[in-house]
Amino acid sequence: MLSPDEYQAALAQLALRDADLAAVLHAHGAPVVNPRPTGFATLVLLILEQQVSLASAAATFGRLETLVGEITPARILAQTDDDLRSAGLSRQKARYVRALGDHVADGELDLDALDALDDGEIISRLTAVTGIGTWTAEVYLLTALQRADVWPAKDLALAVAAHEVKRLDSRPDEATLIELGEQWRPFRTVAARILWHHYLNTTRKKGKTKP
Numbered sequence: 228m229l230s231p232d233e234y235q236a237a238l239a240q241l242a243l244r245d246a247d248l249a250a251v252l253h254a255h256g257a258p259v260v261n262p263r264p265t266g267f268a269t270l271v272l273l274i275l276e277q278q279v280s281l282a283s284a285a286a287t288f289g290r291l292e293t294l295v296g297e298i299t300p301a302r303i304l305a306q307t308d309d310d311l312r313s314a315g316l317s318r319q320k321a322r323y324v325r326a327l328g329d330h331v332a333d334g335e336l337d338l339d340a341l342d343a344l345d346d347g348e349i350i351s352r353l354t355a356v357t358g359i360g361t362w363t364a365e366v367y368l369l370t371a372l373q374r375a376d377v378w379p380a381k382d383l384a385l386a387v388a389a390h391e392v393k394r395l396d397s398r399p400d401e402a403t404l405i406e407l408g409e410q411w412r413p414f415r416t417v418a419a420r421i422l423w424h425h426y427l428n429t430t431r432k433k434g435k436t437k438p
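All residue numbers for the sequence shown refer to the working numbering, where the first residue is 228 and numbers rise by one.
Simulated from the structure, these hints should not be mistaken for laboratory data.
Any given hint could be a false lead.
Label pairs and their in silico Cβ distance ranges [to be verified]:
{"#": "1", "residue 1": "D309", "residue 2": "Q410", "range": "41 to 51 Å"}
{"#": "2", "residue 1": "T403", "residue 2": "D309", "range": "12 to 22 Å"}
{"#": "3", "residue 1": "D308", "residue 2": "A254", "range": "42 to 52 Å"}
For every residue, glycine included, the Cβ atom is placed at its ideal position computed from N, Cα and C.
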């Protein structure tokens with residue numbers, strides 16, 4: 228887990244190493260970290276966030292909480308598909324959250340044990356669940372487990388921000404974004420937060436694109 232002091236030190240190091248990231252920090256200040264809680268409910272929210280806006284996912288998550296109360300594997304598995312769809316989940320995402328519930332309830336996925344594992348092993352275990360891909364696993368590592376060197380190269384907002392901040396000729400594809408991120412090791416999580424900070428304070432406000 229990246230401690231607050233380590234986070235501040237990483238911001239300072241990245242600003243010294245990269246003038247473009249330093250310019251984002253100068254323009255908008257340091258991004259505030261609001262860690263997500265670890266556990267089942269956060270993974271459900273991340274599934275809901277796949278390929279939709281954060282606001283849309285949050286609204287669906289709120290309706291799901293209204294339906295089941297505390298979001299636990301047992302309460303999700305007690306719902307029918309029609310119940311889940313009444314909360315706004317697509318048929319596919321209802322299947323995904325149910326698959327996650329099955330894995331956790333059956334003990335195939337021990338969420339409490341993840342923090343003791345390295346990043347690659349965590350990603351491997353999470354992506355064994357239907358509906359959890361690399362992006363979902365990496366964002367869980369970054370926002371909930373607070374790992375220091377995670378780079379979600381499939382993230383659209385990250386690509387848009389990198390295009391603008393680094394003044395690239397075109398929006399980078401996944402392979403290009405992976406290569407770009409290498410320069411910011413071992414603090415790619417912090418670099419990602421800086422780029423997202425730019426996106427939230429410029430691109431999204433202008434309505435150019437949405438994640």
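Tested hints:
Judged by the Cβ atoms, the range 41 to 51 Å given for D309 and Q410 holds: they are separated by roughly 49 Å. For T403 paired with D309, a C-beta distance near 43 Å fails the hint of 12 to 22 Å. Our hint of 42 to 52 Å for D308 and A254 holds, since their Cβ atoms are close to 47 Å apart.
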